[in-house]
Amino acid sequence: MIIDKTENKIISVATQLFGKYGFNKTSMNEIARVARKAKGSLYYHFASKEELYTKVVATEIQNLKDNLLIIVNNIELTADKKIVDYMIKRMEIMHLAVNYHDSIKADFFEHFEFVDNLRHDLDNWEQVQLKSIINQGIKEGVFANYKGKLDVLLNMIVMVLKGLEIPFFIQDKYDEFKPHFEYLSSVLIKGLAYD
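Per our numbering, the sequence shown starts with residue 9, numbered consecutively.
Mixed in with the good hints, there may be bad ones.
[Said to hold, decoys possible] In silico DMTMM-like pairs for lysine to aspartate or glutamate, Cα to Cα no more than 20 Å straight-line:
#1 Lys170 / Asp93
#2 Lys139 / Asp93
#3 Lys186 / Glu100
#4 Lys28 / Asp74
#5 Lys147 / Glu84
#6 Lys198 / Glu148
#7 Lys57 / Glu100
#8 Lys63 / Glu38
#9 Lys170 / Glu59
#10 Lys73 / Glu100
#11 Lys139 / Asp129
#12 Lys73 / Asp93
#13 Lys47 / Glu15
#14 Lys47 / Asp12
#15 Lys17 / Glu38
#16 Lys63 / Glu148
#17 Lys97 / Asp180
#18 Lys147 / Asp129
#19 Lys89 / Glu100
#20 Lys47 / Glu59
#21 Lys170 / Glu121
#22 Lys157 / Glu134
#23 Lys57 / Asp12
#24 Lys33 / Glu59
#25 Lys28 / Glu38
#26 Lys97 / Asp183
#27 Lys33 / Asp131
#28 Lys17 / Glu59
#29 Lys73 / Asp124
#30 Lys97 / Glu84
#31 Lys63 / Asp129
#32 Lys139 / Glu121
#33 Lys57 / Glu38
#34 Lys57 / Glu84
#35 Lys139 / Asp159
#36 Lys47 / Glu58
#37 Lys186 / Asp129
#38 Lys73 / Glu134
#39 Lys63 / Asp74
#40 Lys170 / Asp124
Don't read these hints as lab results, they were simulated from the structure.
These figures come from a predicted structure and were not determined experimentally.
Produce the complete structure using the sequences and hints provided.
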């Protein structure tokens with residue numbers, strides 16, 4: 009119990025400091041000082057700064073997944089409504105995932121290989137969730153049946169979502185585009201309905 013509490017405190021402080029200063033400018037000494045923990049305590053829980061940062065990004069990604077699963081598993085929603093809610097909630101949660109943004113920036117400048125697996129896992133996870141929604145839409149008759157092309161379509165949808173991350177979060181245009189997310193979702197829905 010105390011170990012979990014200490015680890016959660018370290019993750020919480022690291023999330024704030026990495027978010028404020030970035031990975032490279034945040035030291036384990038600073039995290040230990042702000043968390044009021046011995047530096048050895050940090051290394052007891054996390055073998056390196058990279059491992060701690062990976063855990064911070066993993067926590068942000070898990071928060072995203074938890075929120076999106078609420079939409080995907082909502083039996084009250086039609087598939088087209090799920091797509092709209094999914095896209096809006098995804099962008100809203102991603103907007104707050106500051107450390108995830110930093111890992112995207114790193115792809116351009118220095119590449120954080122230690123978070124690659126997390127980002128790849130998120131891509132695969134999203135394809136499964138979107139496939140579930142699209143299959144629901146096919147059953148409801150609102151989406152076309154893409155037969156053997158569904159996996160290619162899912163790859164493309166995830167690429168589009170990831171492509172939006174650059175202007176929305178790296179170029180700080182989230183607030184500018186936020187009022188148009190529903191319209192963007194409707195374009196996707198119309199495309200999914202096209203046979």
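Hint check:
A C-alpha spacing of about 17 Å is found between Lys170 and Asp93, which places the hinted pair at or below 20 Å, so the restraint holds. The suggested pairing of Lys139 with Asp93 holds, with an alpha-carbon distance near 15 Å, which does not exceed 20 Å. Note on Lys186 and Glu100: the hinted pairing holds, with a Cα-Cα distance of about 9 Å set against a maximum of 20 Å. Under the criterion of a C-alpha separation no larger than 20 Å, the hint pairing Lys28 with Asp74 is inconsistent with the structure, at around 24 Å.
For the hint linking Lys147 to Glu84, the alpha-carbon distance of about 15 Å falls within 20 Å, and the restraint holds. Our distance criterion of 20 Å between C-alpha atoms is met by Lys198 and Glu148, whose separation comes to about 15 Å. Between Lys57 and Glu100 the CA atoms are separated by roughly 28 Å; this puts the pair beyond 20 Å, and the hint is violated. A hinted pair counts as satisfied when its Cα atoms are at most 20 Å apart, and Lys63 with Glu38 qualifies at roughly 17 Å.
With a C-alpha separation of about 24 Å, the suggested pairing of Lys170 with Glu59 is violated against the 20 Å cut-off. Our distance criterion of 20 Å between C-alpha atoms is met by Lys73 and Glu100, whose separation comes to about 12 Å. Proposed proximity of Lys139 and Asp129 is supported: the alpha carbons are some 15 Å apart, at most 20 Å. With a C-alpha separation of about 14 Å, the suggested pair Lys73 and Asp93 falls inside the 20 Å cut-off, and the hint holds.
A C-alpha spacing of about 12 Å is found between Lys47 and Glu15, which places the hinted pair at or below 20 Å, so the restraint holds. With a CA separation close to 17 Å, the supplied pair Lys47 and Asp12 stays within the 20 Å bound. Proximity of Lys17 to Glu38 is assessed by CA-CA distance (about 14 Å); at most 20 Å being required, the pair is judged to hold. Between the alpha carbons of Lys63 and Glu148 the distance comes to roughly 39 Å, so the proposed pair goes past 20 Å and is violated.
Proximity of Lys97 to Asp180 is assessed by CA-CA distance (about 17 Å); at most 20 Å being required, the pair is judged to hold. Distance check on the hinted pair: Lys147 and Asp129 sit about 27 Å apart at the alpha-carbon level, beyond 20 Å; violated. With a C-alpha separation of about 16 Å, the suggested pair Lys89 and Glu100 falls inside the 20 Å cut-off, and the hint holds. Taking the CA atoms of Lys47 and Glu59, the gap is near 15 Å; set against the 20 Å cutoff, the hint holds.
Annotation: proposed proximity of Lys170 to Glu121 holds, straight-line Cα distance about 17 Å (limit 20 Å). Only pairs whose Cα atoms come within 20 Å are accepted, and Lys157 paired with Glu134 is accepted, the gap being roughly 17 Å. Restraint check for Lys57 and Asp12: the C-alpha separation of about 18 Å stays at or below 20 Å, so the hint holds. Among the hinted pairs, Lys33 with Glu59 is consistent with the structure: their alpha-carbon atoms are about 16 Å apart, no more than 20 Å.
With a C-alpha separation of about 12 Å, the suggested pairing of Lys28 with Glu38 holds against the 20 Å cut-off. For the hint linking Lys97 to Asp183, the alpha-carbon distance of about 14 Å falls within 20 Å, and the restraint holds. Between Lys33 and Asp131, the direct Cα distance comes to roughly 28 Å. Violation of the 20 Å bound is thereby established for this hinted pair. Taking the CA atoms of Lys17 and Glu59, the gap is near 15 Å; set against the 20 Å cutoff, the hint holds.
Our distance criterion of 20 Å between C-alpha atoms is met by Lys73 and Asp124, whose separation comes to about 17 Å. Distance hint between Lys97 and Glu84 is fulfilled; the C-alpha atoms sit about 17 Å from each other, no more than 20 Å. A hinted pair counts as satisfied when its Cα atoms are at most 20 Å apart, and Lys63 with Asp129 qualifies at roughly 14 Å. Among the hinted pairs, Lys139 with Glu121 is inconsistent with the structure: their alpha-carbon atoms are about 28 Å apart, more than 20 Å.
With a CA separation close to 11 Å, the supplied pair Lys57 and Glu38 stays within the 20 Å bound. Pair hint Lys57 plus Glu84 does not hold up; C-alpha atoms about 43 Å apart against a cutoff of 20 Å. Taken as a hint, the Lys139 and Asp159 pair is honoured in the structure, with Cα atoms around 8 Å apart against an allowance of 20 Å. A hinted pair counts as satisfied when its Cα atoms are at most 20 Å apart, and Lys47 with Glu58 qualifies at roughly 15 Å.
For the suggested pair Lys186 and Asp129, the alpha carbons sit about 26 Å apart, so the restraint of at most 20 Å is broken. This hinted pair checks out: Lys73 and Glu134 have alpha carbons roughly 9 Å apart, not beyond 20 Å. For the suggested pair Lys63 and Asp74, the alpha carbons sit about 16 Å apart, so the restraint of at most 20 Å is met. Among the hinted pairs, Lys170 with Asp124 is consistent with the structure: their alpha-carbon atoms are about 14 Å apart, no more than 20 Å.
Consistency with the previously given hints fails for numbers 4, 7, 9, 16, 18, 27, 32, 34 and 37, ordered from lowest to highest.
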